[in-house]
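Residue-level listing of the chains:
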Amino acid sequence: MSPSTRVATRSDLLKLLCEAAELEHGIACSYLYAAFSLKRDISEGGMTWEEQQKVRRWAAQIYFVASQEMLHLALVWNLTTAIGGTPYYLRPNFPQDATYYPLKVPLKLEPFGTRSLRRFIQYEHPETTPIEAEVRELLERAREDEEEFSFSSIGELYGLIRSGFERIDGKELFIGAPTQQMTPEFVHFPDLVAVRDRTSALRAIEEITEQGEGRKGHRENSHFVAFVTMLKELLESRATGSGFSPARPAMNNPSAGAGHGYTANPNPIGNPLAGRVAGLFDSVYSLMLRMLAWSFEFDSVGAEAQLKKFCSVAIDLMPRVLLPLGEGLMLMPAGEKYPGKTAGPGFGLTRHVMLPPHAENAETLCRERIQELAAITGELLKQPLPDPAKAGCRHLQVIARTF
Amino acid sequence: MSPGKNDFDVVIVGAGVAGAMVAYRLAKAGARVVMLEAGIRNPPRPQIAGAYAVAVIKSPHSAYVQTEADAKAPSPDSAADYEQTSIEPDKQYKSGYERRTGGSTWHWLGHTPRMLRSDFEMRSRYGGGKDFPPAIVDWPITYDDLEPWYCDAEREMGVAGSDEEWNNLFDSPRSKPFPMSMIWPSYSDMWIADKINGKKFEGVEYRVRSTPSARNSSLYDGRPPCAGNSICVPVCPIGAKYDGYVHVKKAVDAGAALWEQCAVNGIDKDADGSVHTVRFLTYGNVPRKVSGDIVVIAANAIETPKLLLIAKLANRSGQVGCNLMDHLSKSTYGLAPEKLFPFRGPPSTSGIESFRDGAFRSKWAGFRVSLNNDGWSRKSSPQAQIIQLVTEKKLIGVELQAELFESVTRQVRLSCSVEVAPDRNNKVELSNNTDGLKIPKPKLTFSPSDYSLRGLAHATKTLRDIFRRIDATSIIDPNDADPKAFDGAGHIMGTCRMGKDPSQSVVDSQCRSHDHRNLFIVGSSVFPTAGSPNPTLTLAALALRAAEDIGKQLGIKKQRQTKP
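Going down the list, the protein sequences come from chains A and B. Our numbering puts the first residue of the first sequence at 4, with every later residue one more than the last. Our numbering puts the first residue of the second sequence at 134, with every later residue one more than the last.
Rather than coming from a laboratory, the hints here were simulated on the basis of the structure. Incorrect hints may have been included.
[Stated by the list, open to error] Which bits of chain A does chain B cover? Going by a derived footprint, with three or more residues having C-beta under 8 Å, they are: (1) 63 to 72; (2) 183 to 195.
[Said to hold, decoys possible] Examples of chain A residues toward chain B, derived with CB under 7 Å: (3) Ser46; (4) Glu47; (5) Thr51; (6) Glu53; (7) Arg60.
Just so you know, these numbers come straight off a predicted model, no measurement behind them. Where a beta carbon is used, it is the ideal one built from N, C-alpha and C, also for glycine.
All chains, please: the whole structure from these sequences, using the hints.
And the structure:
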């Protein structure tokens, strides 16, 4: 869809919101993959103590930006349910080339480096502003052997969504129940806006675009500038010739194994143990998404406790299970086919049913599934896993016990 | 500004948060400004964190040790580093400060609650009774006078907070939202809140609130969001927490000069009572001087009166150095009945404000309660706790690991911060001892009033009550050993009090000396009373307000000032 296309109907808007949800979701995974790849300890080699501090700062910033992408996904879901839709949590598996979205930038899982940072800068580039000479020069300096990007932006997509909310009659548009809206009372996103009318819808969109691109004349606090600064610092550090190597040698676009590609064209992990950990990661990730989507879909009236529990467990799973499993995978060998490379999580969306509307049944399904996954960790913990992966497994056992 | 007979339009003594904000505002408006800083510029943050990591004794200053600067511009770190009138621990001043470019905010916690409306009107509201200390006065300004400047200071520093929780606290409204949404409360905060919110102690209802902090909850002012490094004290390794160096840099970028390692040892008074020439010593002991149309003293509440006493300035009232204040701090420790997982995120993210005001303040001091995320680390280091388990409980290997996981994850520290009443006898004087540049050191006299000690007693009872309500065990209450014992809060205040009456106060409501119309004093030294909030936001708001008046006095056109 081109920027000139008119967004005139509820259906147009829902389709664009699905596209936005997919993108926010996919981009968050891509950021997380880069953050997982950043080294933590000096014993991993390739960095001094001072450089380690810089690397930890980069990791913290990427994790933060990824968390704001998750907030954006939550805001998009609130926008969607406000106009009568249901939260869309699916997305194509990695990798997707530049032709998949009008964005014209590929979606990939790559470790931290100039290639991934170039891509991140292009995701977050302001809607209408041409690339400044300095950033253009920076992207040029960071160029390696890779495909040419046709530059577009997420801001442009939100411009279209904004135009739809401005154009379509609000009385007809906002048919979702106000009590369906998720607020910080239920889910720990302090900046989550409840969308109940045009004003709040526009505020939600403004929050997303401001965090991504920044305000005109005030870009210094945006994701865009954060990534530009990171790329500058990386190039400067490399120029010193100190042999600085901040990232683990993670493979690109992994999948838990052959048959886990779901029509994308990933690189199956060859090491059997890493493949099992990656499979566990995907299953926990899918369950977490289904719990969140359920919470955003149904009316909170009468289900407050359930919503709070699902949101709390889903958010708990991210730092306590997914993060250590993701980092752990990047310390495990990828397999003979990828010499010198380590594995990584594929963020594969495993095939499963949506959680049912009936709250008790939904909880039963989740409880059974989380206990099944915890049982898998029992087997995995008997194997020689890296410390972060062990921690992720143990945390999952605790969460399953108390669910 | 056009060049005049003086070297600069404004000479500012001290490059901490107050001095740097004034320098920034005036330089931005076109004034020629110089900041004189006695200390040195700190090394890069990772180096500071590294120095702390290898320090044998961990204290805020241990991250900043530098032999020459510590000799020539000493940074007291504890009671032992001062010359004090009393040797009794309960009658000593405990809080230190940092003489470095950027000042003590390098190792502050970053909390920025405002003062309450009543804090400015203590005598009118609660005075008159026999239990009310005579030196507690009303401020010459009201909460409403300062409110726009609070908003301005919050924007400059980048404060994260919850409007919903803080608007209209004790009739103290906010006219603008916080620049950033709150730092999310820790799991421990939420768990404790769930147990005590709505319950009452001594007729006052508990309500846990997130504490406003000059700590980024999102990207702000080109600085990153807090990444939970948990070592705000002694340094934020990534610059997510605000410190005075942010505005030092902004001031320099706006054209202000910064002269470091320049220890001021005199200010000359002209025949007409004005002051222009500031004398200082370099670290090489070379005497130098610089002049300005206006002189601003922006050292802290111990260094500022020290300098005024050396220069024999601004003391018609005899109040310079008097009314030295802090907050009385005390911690109580316990083990929660379940794992709360401390040691994550900033050391404290929530508190209880309910006891800051009420009719009781006619009889005893108000206080804040802080919920902390740093386990028992204030009591003893994690290493010491391990050694104790090994030597006393004879635990090793898997058993030691299990015990640590069981107990460390349940550690809770609650603390209080109690208002100290001003008292003329609590004071800063000049010592006969001198520092490495032969400049007199300060000599301190400090003894908390019965009013404050009664507040401390109520505060510690409150901490015990909270522990009871959460079913905590293994409670360690320092009150059991000595009810009058207290720690310093690092909130050095008073000593150059603001007031309307030149015979009773040092500066007027604009922070201008009653005695010298081109001498301004900014910082927490001008506070007539302390209230119970951490003082930095209030001193920043007062400094920004003073900057506007200094600008007017300089003849800077109004439209060139940055309005809040």
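For each hint, the structure was consulted:
no.: 1; hint: 63 to 72; verdict: holds (count 5)
no.: 2; hint: 183 to 195; verdict: holds (count 3)
no.: 3; hint: Ser46; verdict: violated (16 Å)
no.: 4; hint: Glu47; verdict: violated (17 Å)
no.: 5; hint: Thr51; verdict: violated (10 Å)
no.: 6; hint: Glu53; verdict: holds (5 Å)
no.: 7; hint: Arg60; verdict: holds (5 Å)
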